[in-house]
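Can you build the whole structure from these sequences, using the hints too?
Okay, here's what each chain looks like letter by letter:
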Amino acid sequence: MTTLDWVKQKFLPLLEREKIKKVHVIKSIDDIITEIMSKLLVVSASPHVHSGESTPRLMYNVVLALIPALAVTLFYFGLGALIITSISIVSCLFFELLIQKFLLKVKPTISDGSALVTGLILAFNLPSNLPWWIVVIGALVAIGVGKMSFGGLGRNPFNPALVGRVFLLISFPVQMTRWPLPIESRMSYIDAVTGATPLAIVKEGLSKGELMSNITDQIPSHMQLFMGAMGGSLGEIAAFALLIGFVWMLLTRVITWHIPVSIFATIGLFTGVLWLINPEANADPIFHLLTGGVMLGAIFMATDYVTSPMHPKGMWIFGIGIGLITVIIRVWGAYPEGISFAILIMNAFVPLINRYMKPKRFGEVSK
Amino acid sequence: MLKTFPKGGVHPPENKFSASKPIEVLPLPERVVIPISQHIGAPSSPVVAKGDKVKVGQLIAKSSGFVSANIHSSVSGTVESLDPVLDSSGYKKPAITIVVEGDDWLPEIDKTTDLRKEFTLSAEEIIAKINEAGIVGLGGATFPSHVKLSIPKGKKADVLIINGVECEPYLTSDHRLMLERAEDLMVGIMLLKKALGVEKALIGIENNKPDAIAHLKNVAKSYVGIEVHALKVKYPQGGEKQLIKSLINREVPSGGLPIDVGTVVHNVGTTLAVYEAVQKNKPLIERVVTITGKNIKNAGNYMVRIGTPISKLIEVAGGLPENTGKVVNGGPMMGKALNSIDAPVTKGTSGVILFPEKESLRGTPQPACIRCGKCIQVCAMGLEPFLLSRLSQRKMFERLEMERVIDCMECGSCSYVCPAKLPLLDYIRLGKAEVFAIIRARKN
Numbered sequence: 000m001t002t003l004d005w006v007k008q009k010f011l012p013l014l015e016r017e018k019i020k021k022v023h024v025i026k027s028i029d030d031i032i033t034e035i036m037s038k039l040l041v042v043s044a045s046p047h048v049h050s051g052e053s054t055p056r057l058m059y060n061v062v063l064a065l066i067p068a069l070a071v072t073l074f075y076f077g078l079g080a081l082i083i084t085s086i087s088i089v090s091c092l093f094f095e096l097l098i099q100k101f102l103l104k105v106k107p108t109i110s111d112g113s114a115l116v117t118g119l120i121l122a123f124n125l126p127s128n129l130p131w132w133i134v135v136i137g138a139l140v141a142i143g144v145g146k147m148s149f150g151g152l153g154r155n156p157f158n159p160a161l162v163g164r165v166f167l168l169i170s171f172p173v174q175m176t177r178w179p180l181p182i183e184s185r186m187s188y189i190d191a192v193t194g195a196t197p198l199a200i201v202k203e204g205l206s207k208g209e210l211m212s213n214i215t216d217q218i219p220s221h222m223q224l225f226m227g228a229m230g231g232s233l234g235e236i237a238a239f240a241l242l243i244g245f246v247w248m249l250l251t252r253v254i255t256w257h258i259p260v261s262i263f264a265t266i267g268l269f270t271g272v273l274w275l276i277n278p279e280a281n282a283d284p285i286f287h288l289l290t291g292g293v294m295l296g297a298i299f300m301a302t303d304y305v306t307s308p309m310h311p312k313g314m315w316i317f318g319i320g321i322g323l324i325t326v327i328i329r330v331w332g333a334y335p336e337g338i339s340f341a342i343l344i345m346n347a348f349v350p351l352i353n354r355y356m357k358p359k360r361f362g363e364v365s366k
Numbered sequence: 000m001l002k003t004f005p006k007g008g009v010h011p012p013e014n015k016f017s018a019s020k021p022i023e024v025l026p027l028p029e030r031v032v033i034p035i036s037q038h039i040g041a042p043s044s045p046v047v048a049k050g051d052k053v054k055v056g057q058l059i060a061k062s063s064g065f066v067s068a069n070i071h072s073s074v075s076g077t078v079e080s081l082d083p084v085l086d087s088s089g090y091k092k093p094a095i096t097i098v099v100e101g102d103d104w105l106p107e108i109d110k111t112t113d114l115r116k117e118f119t120l121s122a123e124e125i126i127a128k129i130n131e132a133g134i135v136g137l138g139g140a141t142f143p144s145h146v147k148l149s150i151p152k153g154k155k156a157d158v159l160i161i162n163g164v165e166c167e168p169y170l171t172s173d174h175r176l177m178l179e180r181a182e183d184l185m186v187g188i189m190l191l192k193k194a195l196g197v198e199k200a201l202i203g204i205e206n207n208k209p210d211a212i213a214h215l216k217n218v219a220k221s222y223v224g225i226e227v228h229a230l231k232v233k234y235p236q237g238g239e240k241q242l243i244k245s246l247i248n249r250e251v252p253s254g255g256l257p258i259d260v261g262t263v264v265h266n267v268g269t270t271l272a273v274y275e276a277v278q279k280n281k282p283l284i285e286r287v288v289t290i291t292g293k294n295i296k297n298a299g300n301y302m303v304r305i306g307t308p309i310s311k312l313i314e315v316a317g318g319l320p321e322n323t324g325k326v327v328n329g330g331p332m333m334g335k336a337l338n339s340i341d342a343p344v345t346k347g348t349s350g351v352i353l354f355p356e357k358e359s360l361r362g363t364p365q366p367a368c369i370r371c372g373k374c375i376q377v378c379a380m381g382l383e384p385f386l387l388s389r390l391s392q393r394k395m396f397e398r399l400e401m402e403r404v405i406d407c408m409e410c411g412s413c414s415y416v417c418p419a420k421l422p423l424l425d426y427i428r429l430g431k432a433e434v435f436a437i438i439r440a441r442k443n
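These protein sequence lines are chains Y and H, in that order.
Quick note on numbering that gives the first Met the number 0: the first sequence kicks off at 0 and runs consecutively.
Quick note on numbering that gives the first Met the number 0: the second sequence kicks off at 0 and runs consecutively.
No lab work stands behind these hints, which were simulated from the structure alone.
Among the clues, some could well be false.
[Stated by the list, open to error] No farther apart than 27 Å at their CA atoms in a straight line, the calculated lysine-lysine pairs in the BS3-like style are these: (1) Y:Lys359 x H:Lys231; (2) H:Lys220 x H:Lys193; (3) H:Lys20 x Y:Lys38; (4) Y:Lys38 x H:Lys293; (5) H:Lys154 x H:Lys199; (6) H:Lys92 x H:Lys49; (7) H:Lys116 x H:Lys193; (8) H:Lys91 x Y:Lys38; (9) H:Lys49 x Y:Lys38; (10) Y:Lys312 x H:Lys2; (11) H:Lys193 x Y:Lys359; (12) H:Lys420 x Y:Lys359; (13) H:Lys420 x Y:Lys38; (14) H:Lys420 x Y:Lys312; (15) H:Lys116 x H:Lys231.
Structure, rendered in structure tokens:
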């Protein structure tokens, strides 16, 4: 069609809707054409194409990456896992909606998937026999205090799910450290048979002065640990499922490898050195990597965009810091597990890291 | 491993629909509109008046300084007006409108397609001819070419780089030119080498044009000191600094020019124009323009006289598709959206892209940056776009200067990847303009 036909076809309906009111004051025919044209053509600054990447797509890819671990936890902890996960997700979404709608009075953004991710990860950090109301309190703290009090997605300094978990750990230390046994507790919720986590067994044994070679009989083998057959929080148990999620997030370019790998390397090296110095007083590095929340924390929580550094150099510092603090807490601290605290502590350093760890500028003039 | 620049970059869908379409000559329009400012630098001053008769190739506006360029009539006919006309910027700009009558060329211009290889001119004579012909960078930046060739005292070039990268999606004008005008191009390169006093020239071409790479490699065999290099496909490799890094691994310092690392970069289109100007006395009056889009009937490449309305080009390519929502002058990453398709083709117009309605509107930005750092990963200049954008929004211009906003070449990779669809580059542009103004004020 000719330009004029195109203009007519597009312009007439517009005119009918009286969207163009300026026409009668414009003088020449050229001006009219221009006026019409600029109403019909989109004029925006470059670039005119977009990668199609979006915040929800990234978030739902994280959810997909968590599915293998969810399947494993449903297999080991069954009913309890299902109840905890559902309650956590529903309450996180609910609190986000409530706070955005009635307190902040902004357009709710629960469909962006970020509250869903927080809900899932919070659930993954809880034991499967936790009373439901404690889960709800955790969700309220995670979303309300951890996220919304700072202004919502993108503005919170600390990982919301971890804020929720640590709040619960300090407020309900008894309920938060009774760990149902895998498989045996599949059909039960509150009344599940409980036992200690491998990390706790080791910590307790070593603190009594026992030798590692005697403790080894009481803890699962490395293979069992890798497959997740141990007591623990919902989502932290199965290393292999979490690693599948890691690969998925790498393939879909949701995250880069820097943070998880630097955490693994630091923990592996640090505990490896301790183990080589005295294998009877320290657990081996593989044990340290496969137990507790290292996998879940390094892959899914330390990599939270909002609360981690934005540049690879900074990511290394962040990851090494988390690794060091985790091992220090595990070996010398009061708690058997320390990655939650380690991540939160390093979260606090992120603004500083971002400020001073700059990417290498192109053509930087050395002074 | 193919060469490329190490830091940043994106790879948008290429969509080079017109790559197999030979360059056709676009029929003459009824009138041409030739803006007097088609280049970076001072606008030229018109030397014709209303009612004057002009011939093809006749000087109609004179360069008004060192960084400026002559403008020649691209048609023969009568000067109709010197009034401002709407151009690609969306504003009315001073222009010379000429009503076309016949096609009467100045006699000294060699219109034939015969290859003229031999030249005896000195470097100064070559640069003078380039200056005379009003040649500017045809890759899109439109920087006057004679300025690039006039090397400041104390600097020295040792290698010439020819930019055949064409990293913008959709565009194919340089690609076709390399395939169809390879010999002319080689002579142009020899001329540029002579003008710069260098022995070696490197042509950089992205690997998505294997036919052009093979062809130029073959043709280059009969010329001394011309190498053709295949490069990995990565936007914005056509940026001068990136191309230099890719080819000779030198880094142009911040605020510096290619000559600071001993090189000068010219686009293949510019090189062809140099050949025609020096060997055939033909000033810059036409260029290859790609007309393309997902719904256009005959996407293609045309030799277009400067000043031809873009609407003429669209009509020849089969007319505006019904669902057209946006018309872009240039590539999809850096081109300008037009508010009127009657804007003229200028020296910097490498292509015109028609976008369907559903691809025209930018996505609605999310409420917040989620600090994913993707913009940092893709920035080829090693900047932090999220930070620059935020500082610009908060008018923190001192900090913005410290964070080197002036290094930004506005390639758009940051806005392209941003998952929150934030208008990062829009804010960076604003801040950059502000910082430049502050720097200028400080100097005065």
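Here's how the hints hold up against the structure:
no., hint, result
1, Y:Lys359 x H:Lys231, "22 Å, holds"
2, H:Lys220 x H:Lys193, "18 Å, holds"
3, H:Lys20 x Y:Lys38, "33 Å, violated"
4, Y:Lys38 x H:Lys293, "22 Å, holds"
5, H:Lys154 x H:Lys199, "17 Å, holds"
6, H:Lys92 x H:Lys49, "17 Å, holds"
7, H:Lys116 x H:Lys193, "13 Å, holds"
8, H:Lys91 x Y:Lys38, "17 Å, holds"
9, H:Lys49 x Y:Lys38, "32 Å, violated"
10, Y:Lys312 x H:Lys2, "25 Å, holds"
11, H:Lys193 x Y:Lys359, "36 Å, violated"
12, H:Lys420 x Y:Lys359, "25 Å, holds"
13, H:Lys420 x Y:Lys38, "24 Å, holds"
14, H:Lys420 x Y:Lys312, "25 Å, holds"
15, H:Lys116 x H:Lys231, "32 Å, violated"
This entry does not satisfy hints 3, 9, 11 and 15, going by the numbered hints stated previously.
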